[in-house]
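Chemist: As a plain string of letters, each chain reads:
There are 2 protein chains.
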Amino acid sequence: MLQPKRHLLLKKRASSTKEMTKPVDHKVDGFSRYRIDFGYDGTDFAGFAKQPGFRTVQSELVKALEVIFGKSSKDFGMRVAGRTDAGVHAQHQVVHIDLSASQIKRIGRNPDVASRVNTALPEDIRVFSFEKAPAGFDARYSASFRRYRFRIADKSSFVDPLQIRYVLRLKVDLDIGLMRSAAKKMVGVHDFGAFCKARAGASTVRRIRYIKIKRNPKDGNIVEIELKGDAFCHNMVRALTGALVAVARGRATVSDVSDRLKSANRAGSFKVLGPRGLSLIEVGYPRDELLAEQAEKARRLRSLDEN
Amino acid sequence: MLQPKRHLLLKKRASSTKEMTKPVDHKVDGFSRYRIDFGYDGTDFAGFAKQPGFRTVQSELVKALEVIFGKSSKDFGMRVAGRTDAGVHAQHQVVHIDLSASQIKRIGRNPDVASRVNTALPEDIRVFSFEKAPAGFDARYSASFRRYRFRIADKSSFVDPLQIRYVLRLKVDLDIGLMRSAAKKMVGVHDFGAFCKARAGASTVRRIRYIKIKRNPKDGNIVEIELKGDAFCHNMVRALTGALVAVARGRATVSDVSDRLKSANRAGSFKVLGPRGLSLIEVGYPRDELLAEQAEKARRLRSLDEN
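Keeping their order, the protein sequence lines are chains A and B. The first sequence runs contiguously to residue 358 in our numbering. The second sequence runs contiguously to residue 358 in our numbering.
It is worth saying that the hints were derived from the structure and are not from the lab. It is possible that some hints are incorrect.
Identical chains share a label here; the pair holds if one copy fits it or two copies do between them.
Below, simulated SDA-like cross-link-like pairs (lysine to any residue); rule was C-alpha separation at most 25 Å, straight line [unchecked claim]:
{"no.": "1", "residue 1": "Lys322", "residue 2": "His241"}
{"no.": "2", "residue 1": "Lys122", "residue 2": "Glu275"}
{"no.": "3", "residue 1": "Lys206", "residue 2": "Arg266"}
{"no.": "4", "residue 1": "Lys279", "residue 2": "Phe196"}
Can you make the complete structure from the sequences, with help from the hints?
Modeler: Pasting the structure below:
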């Protein structure tokens, strides 16, 4: 199980440049930024992002923060490291919020804000830490990598009944060797247009650092796919793992995946996998000098709606 | 994670004696006994046993079996190894059912009954195997041991958000050393009257084979209490662990526990723990010659309502 690492502290704020898509940010004089590390069981949420009429992680988190800090018309300027879809879990997620001096006063004599937020939160969201962010910290743009894990049970797996909510079950046989061959094609810098819901003006170029695939004999022989990338666009993890599963069950070949990737075109892509087996397990931030470069690059390359 | 062992096959049926409390058993000529190994997430069940108007594991299991075998007025003569309370989980549970020749015919050409039952079951119950029981098998009376695990997070633990449903969280510090000292007093054969909901005419003498207590550094430093006993009476595991927690948090001493055990009297006992952290993780059956002795002993000692 994951023990979320204490976050690496960041020293400098990325300098803005004119090319950047500027995020709407109500961090002005008098506001201070806070970093919140947390996790959730995504089963009963319509995803992370706030949507009127739906139970989302963000809306529940904002509600709990309002118990301590009072009503916020702008959701405390919250920005998230990884916008997870409906049903996707997060064992380690990060947001930042910006608090005014009068909001900060409400922390009062009990500085254990994490515990107080947890008391106000529903049980399926748990805050690990609530800390003043170092200068320059941006939960989304400063992040240098995201790590996801997808757990899939095939015919030869045994699923612990206490893991049913967290494992995708497929009534097929998966060939892990083929899956690994297809995964090799995905690693590196590519235009993942074939595996992203594209947004106007946003690049679909991403770097995947690795994709590790194994069966876990200590966990019922479940297939675990771990993906680490600088960032992933919308739907990308489930689209990539969908392609891997198509190959592993014999519905596509490794070169089909390779061709699809080169096409950079979403039309005719492989089936996206259901969210249940997927969990964001780590968000990483660089140290010191690398931060400015990281944030600048991220802001330039990506639209506001992606992670 | 547990991989339920293939059950040990039993060769002889325990001979009945006049002293026994005879179970109501509709196993008559023409009926054959089947063994079902399964597990469940107990969160959303009002316990194992059928109760009108409540969602229980037994009622859901019977409903699913009826899809294949047709209506049964007597719940297929189902008997369970460990009657779990509301909210308690089972990673490995066993029942037997008795099927008539005409019911057995319905198995037809698809012998994979486990898969068919799973299709009819809600997701929070999963059947691992459905097999013809060997002569003499009784899910409850033939069982030679039950193993339970209780997981408790204290102040120094980190709970993975995907484990929230399966871990009891306490905002105190637990002293594992004290817990172990108190547990030593419980191991062996005792009258557990102080830790059981007594039933008229039923013995509260049980044998606990071991109680292992550790913090699991790979699982957020959660305290795991594993108890193996021949059998446990109603509420006993939660009452014993409640006493251990009372000692571990400094509310009682080891001799308090010892005195309470000797009193064999439930009055003034320690607080019973909530069910969330508790899971039945294994039911064991003896081989061959030991079976008859085991079943006879169990039937003589225990009432119908206990396990």
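Chemist: Which constraints among the numbered hints does this structure fail? Numbers only, ascending.
Modeler: Number 2 - this is the single hint that the structure violates.
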